[in-house]
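In case you want the letters, here they are:
Protein chains: 2
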Amino acid sequence: MRKVDPDKHDARVRQILDAARACFAEKGFHQTSTAAICARAGMSPGNLFHYFSSKQAIIAAIVDGERRDVAEYFSSAMQAADLLGEILAFMDMILALAADKTFAGLALEIVAEATRDPEIGARVSRNDVELRSALQALITAAEERGQVGRALPSADAATWIATLIDGIFSRVGIDPDFSPKAHSSTLRLMITRMLCADAA
Amino acid sequence: MRKVDPDKHDARVRQILDAARACFAEKGFHQTSTAAICARAGMSPGNLFHYFSSKQAIIAAIVDGERRDVAEYFSSAMQAADLLGEILAFMDMILALAADKTFAGLALEIVAEATRDPEIGARVSRNDVELRSALQALITAAEERGQVGRALPSADAATWIATLIDGIFSRVGIDPDFSPKAHSSTLRLMITRMLCADAA
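Protein chains in written order, with our numbering: chain A, 1 to 200; chain B, 1 to 200.
Here chain A stands alone, though its shape is the one from the complex:
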């Protein structure tokens, strides 16, 4: 039996996922073949299937990767002193991701596919539930410190911040003149007003 080098394995997986992200963002899931992903990753189909059993499994791994990134981000944000500042910094990170054409194209594709493919839909919903829970925990902790007001229930505030995030990615697809990073100060003002109009 061949020995598996875990570092080499992880590097191969990343290489496949990067190639798949680029293909999916450009052409969409349905119009991307595993052959196209192999070509972009510079590996043979046999080699790719050693790591992923199907295109569906690659999409699942991409969505699960975003889940891990969000969990790590908020676990670190909860340790900060200025929790409103962490929420605003998170929104700046979202604007930076939306400015990345591959990331934004892929985000739109995932949402569209989630409405049609129940397995992807379930994964996307789970990520969304976890994102809103993490935002809500941050807002609740910020309330307790008097950093944000209490008029807007924290669950609703979290839902509407998530809605703004969804909207930012749609906007990139709809409005060719929308430059996400240029809107940082406006978005910060909006979120601050939304959360703090009644702060102590």
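It should be emphasised that the hints constitute simulated quantities derived from the structure, not laboratory data. Built from N, CA and C at the ideal position, the CB exists for glycine as well. One thing to keep in mind: the hints can contain errors.
As the list claims (entries may be wrong) - Residues from chain B shown here face chain A by an in silico Cβ test under 10 Å; the list is partial:
| hint | residue |
| --- | --- |
| 1 | H30 |
| 2 | Q31 |
| 3 | R116 |
| 4 | S125 |
| 5 | N127 |
| 6 | R132 |
| 7 | L164 |
| 8 | D166 |
| 9 | G167 |
| 10 | R171 |
| 11 | I174 |
| 12 | P176 |
| 13 | R193 |
| 14 | A197 |
Starting from the known structure of chain A, fit chain B onto it as the hints suggest.
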């Protein structure tokens, strides 16, 4: 030559567009055939092609129909005394449309397709530019009457209201528990805070 009854013609066009909207929302543009639209509309392919030359032409007519609806809505809203009230009423109408599964599914499909099909993309962008212009005109007029503040430039406020609208339709696709109409008071509070925190 056959005489054309304009009322009958318009009724047929509506019948085709309604059938197409339902098919597109359920299956997406690519997975919907003109044969499926004909079957749903209860007419023969020959009859359908008398009204629309292609599936693409049907999609274009749907997007153009939304453009007319928005123009009519804002032309009437500009006549009102309470312009902030008109903006909030418009958002309630958006929540009602988002609660309509066919409308919401179609909206997501159109945005996803706009990123890939330049002709649909151009039509969607035109609608979006007109929606933001109409919102901006309403906000500017509201500023002049002291009904909203001036800290947020009206073009930015319009862009972010449009972003919230995009987000509402995405949310319906992502979060099966999101009930748009239940969020009316939260959305009204958010928009009011966003526009009025510095109102006279």
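Consistency of the hints with the structure:
1. H30: holds, 7 Å
2. Q31: holds, 9 Å
3. R116: It holds, given that the least Cβ distance between B/R116 and chain A is near 6 Å, below 10 Å.
4. S125: holds, 6 Å
5. N127: With Cβ-Cβ at 9 Å, under 10 Å, it holds.
6. R132: At 8 Å from the nearest chain A Cβ, B/R132 passes the 10 Å test, so the hint holds.
7. L164: holds, 6 Å
8. D166: OK, holds: B/D166 within 10 Å of chain A, min 4 Å.
9. G167: holds, 3 Å
10. R171: holds, 5 Å
11. I174: holds, 5 Å
12. P176: holds, 7 Å
13. R193: holds, 5 Å
14. A197: holds, 5 Å
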